[in-house]
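Using the sequences and the hints given, assemble the complete structure.
In this text, residue positions in the sequence shown follow the numbering used here: the first is 1, and each later residue adds one.
You may find that some hints are simply not true.
[Claimed, not checked] Keeping only pairs whose Cα atoms sit at most 25 Å apart, straight-line, the calculated PhoX-like set for lysine-lysine is: (1) Lys-101 / Lys-117; (2) Lys-275 / Lys-542; (3) Lys-297 / Lys-275; (4) Lys-542 / Lys-297; (5) Lys-297 / Lys-272; (6) Lys-272 / Lys-542.
[As the list claims (entries may be wrong)] Using C-beta positions, here's what the derived DEER-type ranges look like: (7) Arg-216 / Asp-574: 50 to 56 Å; (8) Gln-71 / Thr-115: 19 to 25 Å; (9) Ser-245 / Ala-156: 33 to 39 Å; (10) Glu-180 / Arg-70: 25 to 31 Å.
Simulated from the structure, these hints should not be mistaken for laboratory data. All C-beta atoms, glycine included, are put in the ideal place defined by N, C-alpha and C.
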Amino acid sequence: MAASLHRRGPDDADEWVDAEHGVALGHRRLAVQDLSPAGRQPMHSHSGRFVIAFNGEVYNHLELRDELSRQGLEAPWRGTSDTETLLAGFDAWGVTDTLVKAVGMFAFALWDRETRKLTLGRDRFGEKPLYYGWQGAHFLFGSELKALGQSPAFNASISRQSLEAYLRLGYIRSPASIFEGIYKLEPGTTLTLDASDRQGTVARFWDAGAVIAEARRTPFAGSFDDAVVEADRLLSTAVSRQLISDVAIGAFLSGGVDSSSIVALMQEQCSKPIKTFSIGVADARFDEAARAAEYAKHLHTDHTSLRVTPEQLLNSMTAIGQMYDEPFADSSQIPTFLVSRLARESVTVALSGDGGDEVFGGYNRYLFASTYWSRFSRLPASLRKQAAKLAGLIGVERLSGVLNKLGSGSKHKNLDEKLRKLVRALDATSVADFYEKVLTRFESPGTILAGRPNGATEVISDSAMALPEGLNAAEAMMAMDAASYLPDDILTKVDRAAMSVSLETRVPFLDPDLFRFAWSLPFSFRIEGGETKRVLRQVLAKRMPHELLESPKVGFDLPLDAWLRDDLRTWVDDLLSPASLSADGTFDVAHVGTLWSQHQSGAADHTAILWHLAVFRTWQASWNGGTCGTNAA
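Below, the structure is given as structure tokens:
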């Protein structure tokens, strides 16, 4: 099981077994802090009570060592690893209190030799993955499903509900996984169980909803300029914490506000040019490399960019199918994998700008929510349902054509998709329902599955967070993103892509102090008048010329609609052929064939569902082909 994760930890490996009590921990090590044998895992606490297999980083572990010393609880340190610090905290303060103090990203399995209980834990935002579940008499757990798949006890039975959720969104929300009986541990929680308690006890040591509610009860009292100063201080502190490393460290630089802010603050704290990395393509419509290079030049970083061909992008799909243990259809996984592979040639750790959109309000859908939900919610539900029905009868493509003719004459970017979201959201019954409809890429996934559902399919929403009262529509969506979209899409994408090439990524925007501060701000400090991330933009403006900051960001969008009709056509033809689908029996062959032919003819744009289907079939082939235990990246 551990060997299947060798890409996550290529530097060392070990195992610990307590045969008498039927417990085994395996570990693969990516050496980042304390490269000596003193950092080897599984590791025992100084008391001998605890044994741990730990993945991740505790950024403030030196501060925790100082606190232990001040309290007279200093351990006889064997080395300088954060894992040893965490264990000393468990000995001194207990598991929950230590996790509350720890700032970092992590997943771990901890065996208590005294109580004979196993505890699994995952960091606040879910930066590091952890799967678990009972398979017969065996309780399996690991960083990736491929590890569980190595156990003879594992039963790879696909969950229809999870498959429908994937087809709807392009990813699977926690705590579900693609397999029956296997779950993701939710962020900010621990699961403790023993041999007599198969259910176990789930405890939450950090709750985003509670933090948001508390921040709103004690709002930031300063001016907008004061908020910029405080955001600058907190983000600088977060970056400083995350520079702790005994190996080479760099950063992703896309030329956007988020990654550029991280790089600017990193460079201020480093005496030598930091290494930065970006990916570009020849097509100027989708190329971020030129803008990133301008930012790098101004910030004086040691920058490396790589322009890739469409063929290289498409060839990455072979690796993509194997590095994501669950079907995962966020197409930005491709450039994320490529920039991770580029960075790993020079560094072992890279900081990223992920999380900035969720923390400071950067997605266009937040503007969409502010504009439309406040208007929709004032109208009678019956009227909105009739309007949605009428729009459906007219058809999105026809509406899009009319609106474009009324406009400048040139087709508005992504207008079809925006109209689909608008039509879907017309009859929303709540902010949560509105959010669900905005995120949905394919409304009725059950219609393309073969056979009958084994029960009513629940539309899985963000039940992990109880929304605080008084949030406007955009704030509610931001809060729900923190609970679901961030860990299950964004952080999943980055972790699997980077770890497939043995690169550790860190996300300063997810510092808990920064998160709480952002939610204490008036909404207008984050979003106002069509401008997103207002405070963060001013943090960067202090370090970037106006002309660079105001130049439009391209965004690394892949032209999937065109690719499916051209470059990818042969690949998808094979994956979705009637013979292939009939042999598998998962999908309705005729329905899929209709979607494919309509897209090829241009009669309709079915990019989203066709891409989801193709990615699922690629993942399915990798798993069923026996390659789940390897990483071909």
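Status of each hint after checking the structure:
1. Lys-101 / Lys-117: Holds - the C-alpha atoms of Lys-117 and Lys-101 are around 22 Å apart, at most 25 Å.
2. Lys-275 / Lys-542: With Cα atoms ~22 Å apart, Lys-275 and Lys-542 stay inside 25 Å; holds.
3. Lys-297 / Lys-275: 12 Å, holds
4. Lys-542 / Lys-297: Given that 25 Å is the threshold and the Cα spacing comes to 16 Å, the pair holds.
5. Lys-297 / Lys-272: OK: Lys-297 and Lys-272 at ~14 Å, within 25 Å.
6. Lys-272 / Lys-542: Measuring from Cα to Cα gives roughly 21 Å; hence the hint holds.
7. Arg-216 / Asp-574: 50 to 56 Å: Since Arg-216 and Asp-574 have Cβ atoms about 52 Å apart, the given range 50 to 56 Å holds.
8. Gln-71 / Thr-115: 19 to 25 Å: 24 Å, holds
9. Ser-245 / Ala-156: 33 to 39 Å: Between Ser-245 and Ala-156, where Cβ atoms are some 37 Å apart, the hint holds.
10. Glu-180 / Arg-70: 25 to 31 Å: 49 Å, violated
In summary, the structure is inconsistent with hint 10 from the numbered list given earlier, while agreeing with all the others.
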